[in-house]
Amino acid sequence: MLKPLGDRLVIELVAQEEKTASGIVLPDSAKEKPQEGQVVAVGNGRVTESGERVALEVKEGEKILFSKYSGTEVKYEGKEYLILRESDVLAVIG
Amino acid sequence: MLKPLGDRLVIELVAQEEKTASGIVLPDSAKEKPQEGQVVAVGNGRVTESGERVALEVKEGEKILFSKYSGTEVKYEGKEYLILRESDVLAVIG
Amino acid sequence: MLKPLGDRLVIELVAQEEKTASGIVLPDSAKEKPQEGQVVAVGNGRVTESGERVALEVKEGEKILFSKYSGTEVKYEGKEYLILRESDVLAVIG
Amino acid sequence: MLKPLGDRLVIELVAQEEKTASGIVLPDSAKEKPQEGQVVAVGNGRVTESGERVALEVKEGEKILFSKYSGTEVKYEGKEYLILRESDVLAVIG
Amino acid sequence: MLKPLGDRLVIELVAQEEKTASGIVLPDSAKEKPQEGQVVAVGNGRVTESGERVALEVKEGEKILFSKYSGTEVKYEGKEYLILRESDVLAVIG
Amino acid sequence: MLKPLGDRLVIELVAQEEKTASGIVLPDSAKEKPQEGQVVAVGNGRVTESGERVALEVKEGEKILFSKYSGTEVKYEGKEYLILRESDVLAVIG
Amino acid sequence: MLKPLGDRLVIELVAQEEKTASGIVLPDSAKEKPQEGQVVAVGNGRVTESGERVALEVKEGEKILFSKYSGTEVKYEGKEYLILRESDVLAVIG
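So the protein sequences, as listed, match chains A, B, C, D, E, F and G. In terms of the numbering used here, the first sequence is residues 30 to 123. In terms of the numbering used here, the second sequence is residues 30 to 123. In terms of the numbering used here, the third sequence is residues 30 to 123. In terms of the numbering used here, the fourth sequence is residues 30 to 123. In terms of the numbering used here, the fifth sequence is residues 30 to 123. In terms of the numbering used here, the sixth sequence is residues 30 to 123. In terms of the numbering used here, the seventh sequence is residues 30 to 123.
Please note that the accuracy of each hint is not assured.
In silico lysine to any residue, SDA-like type, Cα no more than 25 Å apart, as pairs [what the hints assert, rightly or not]:
#1 K88(B) / G123(A)
#2 K88(D) / V69(F)
#3 K104(G) / V43(F)
#4 K97(B) / A70(C)
#5 K88(A) / V83(B)
#6 K88(G) / G80(E)
#7 K97(C) / V121(C)
#8 K32(C) / V69(B)
#9 K32(G) / R82(F)
#10 K32(F) / L111(D)
Here chain G is said to cover these stretches of chain F; the calculated rule only asks that three of the stretch's residues, wherever they fall, bring their Cβ under 8 Å from a Cβ of chain G [stated by the list, open to error]:
#11 75–85
#12 111–118
Honestly, the hints are just simulated from the structure, not real lab data. The C-beta atom is built at its ideal place from N, Cα and C for all residues, glycine as well.
Throw the hints in and build the complete structure from the sequences for me.
What follows is the structure, encoded as structure tokens:
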């Protein structure tokens, strides 16, 4: 199991088809292409300067859109994951 | 449904005519051309360093002016949207 | 009506004559030429990191000096406006 | 009257002689030459992130040293002024 | 013994095999390759601007993934260690 | 009299000899050569984001080491001074 | 005596041998080579934005590892010292 730290989350990539299962189609001309993933683990959240920990808005199991080129790719037990910061997440698809 | 995170909002673009329905005309010489959109979803707001979440000023359904080149374009169920941060919104048109 | 967000304000430009009505003359050699405008709308103010909203010092109807090249030009119902942040305002002329 | 905003102040420049009235002589070799001015108006002060407004230390009528190349020059009713931020003021001459 | 300061931690590197003991395989194409280590010592945590010390999430003995090229290599009593900041840690492997 | 603002201090330079009176010798190879001065005036201190003014640690009359190239040179009533921020002071010599 | 300001500390360098007395050996390939020193004086600590002074974790007499190229070299009464900020200290050797 991968347990991300702070405001990070671990996602599985959702295959980029012309039209995805949930109906997202990415425009060709987009300068910064968003991508779709499913959240498999979330961190405990960042700690503010007042010392308060802020839980993530994103929950395990949710589908999200995130900015391409953000995060770090890892392989764990044969599967590929991406570790992002919550600030790289644009929207939850629900 | 797209649920934006934090201080982000999802808007539909309003077609850029010579003179728009609400009366906005964008000057040719503008270095940073504002654009018009309609808000379809807003996030829960950013969390300050004191740990307080700040609700967005912009409400669903409002028309806004935003700075061109800001935000990320996405397509969802066949329609184009733009995901912005509230700080990219210049004014509400009302 | 244009309702600016946060610490922004909407102004109408005051024509730049050799000597303006209120007596401001801008020096030719100024590196960063200030300009004169009249405030037509103000935002609700920025929110500090402690979560407190700070009302603008500038009030609707006041004449202000602002730094040239700041802000974003828009046209609304046939009139030109400039949308500034309060931090771009140098002084109120009163 | 020019009423500066926030932590800004309006000053009149004091003529730069070899030796000024108050006894300041600026060295030729100074990389960043300070200059002398008299304060004609001060702002209400900046607002901290805790939402508290901080009054300026500099008072109207005081003579100050400030770093050359800081601030913005304006002319108002035929006289030249400089609008500075208090952080550009090095010292009060008293 | 090495006692790291603030939000730093000392780790021993875990040998990078094609497939590691815990099942992590790093993709060849990763721009910023993560690496695996075991935590041997943690600092007392950073102090926030409100003066509160924030304990590290990472505990001694845990295995972690961290971003390659982060941290500083040291040798101590014949063994190699890496001193990282907790912000360089992507996830705990557990 | 020069009264520095905020976290600034006014110092008189101490002549740089091979070996100074207080025993400081500056190495030739130092990339950023420290220098020695005597404090003649201190400001009231900076104001933190919580609105609290922080008195300077350095007191009038103390000898200090500061980083070369920091501060602004001024002449006042025929004597040369340097106006520094306290953050440019490395140590008090006592 | 040198009394460092704020979050600074004064250290004596420990001679860099192939293998030092305390067992530290620095790898040849380290991009940013750590070095060893002994703390001879510590400052009172930085002041946070909430106005609280944070005592240093490092104590007088401790041996530390610090990042090469950090700090400022001074000579005082014939001995060489280095003045660092605590953030340049990687770990205490104990």
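Against which earlier hints does the structure fall short, listed by number upward?
none
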